[in-house]
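Enquirer: Given the structure of chain A, go ahead and fit chain B onto it with the hints provided.
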Amino acid sequence: MKSAVVLFPGLNRETDMMRAIEAVTGTKPVLVWHTETTLPDVDLAVIPGGFSYGDYLRCGAIAARSPVMADIRVKAMKSLKVLGVCNGFQILTEAGLLPGALVRNAGLRFVCREVRLRVENTRTWFTNQLNQGTVVSCPVAHGEGNYICDGETLKRLEGDARVVFRYAEGSNPNGAMNDIAGIVNETGNIIGMMPHPENMIEPLHGKTDCRPLFESLLAA
Amino acid sequence: MKAKIKVTLKKGVLDPQGKAIEGALGSMGFAGVEHVRQGKYFEIDLAETDRSKALAGAKAMCEKLIANTVIENYDIELA
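Listed in order, the protein sequences are those of chains A and B. Quick note on the numbering used here: the first sequence kicks off at 2 and runs consecutively. Quick note on the numbering used here: the second sequence kicks off at 165 and runs consecutively.
The shape of chain A in the complex, shown without the other chains:
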């Protein structure tokens, strides 16, 4: 599986993401700078977390309009898999590649802690190694992770099992609608999530709960 990690100015989780992908899949991703107009020939593009453009205007708004995103959009219409984590999720919603928006945490605070995450859909390329309903520990670190969308979109997301991850009961850190932590697009190739699975894959992280997510990439 060939992958690329896309880097925008202000992101800071690219090294963790590259390390996680390489540690689990055995293949090192290529790092792609945002000014590139063509993504290399890869199966998966990952947009990691951080604070692209200092969160100016809105989280992810400026990055979503950068050159590399145009090519990601074109290739995602075909078969490219795209994963956005945290700021990456915000960038994907701002780019219109995933529905809804991520707004200020209901409690107004930046939340940096471990949450319990329930895997709701195991038929995706990022969750196929987990059992339905499995609850994993996963860190979050964000100030704007409160997922919202209109009623019609919410109905479709829920009806089509496109909520991939949900904060387990009592674990919602940001007020997200229906405890939504991660979703997949209609065609199943674009996934966005607020928590950071790349930081829960090796013993030094304290737990390895999220390792099966990256193992799923190999089985996909």
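If you're looking for bench data, these hints aren't it; they were derived computationally from the structure. Heads up, a few of these hints could be off.
Okay, the calculated bits of chain B under chain A, using three or more residues with CB under 8 angstroms as the criterion [unchecked claim]:
(1) 208-216
(2) 222-234
Among the chain A residues that face chain B by a calculated CB cut under 8 angstroms, a handful are [said to hold, decoys possible]:
(3) Ala24
(4) Pro68
(5) Ala71
(6) Lys79
(7) Val104
(8) Leu109
(9) Arg124
(10) Leu219
Cβ coordinates follow ideal geometry from the N, Cα and C atoms, glycine included.
Expert: Frame of chain A, contents of chain B only:
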């Protein structure tokens, strides 16, 4: 020509910052503050002198970048 653009959260979108300001105003003793919503304001200097073209340009900017129409409304005033 100058485009003065106000971006506000759509009705129903939670505005925790507005709520915090509302709470602060109340605790500072300002009576009768019923509701606060926070928004953004932009001033964009445009080279365009034709009013309708300037408006169309500003509208496109709002749709494509300045506002996220999933959660925000915008209002353009030309001056």
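Enquirer: For this structure, which hints from the list above don't hold up?
Expert: As far as the earlier hints go, 1, 3, 4, 5, 6, 9 and 10 are violated by this structure, in ascending order.
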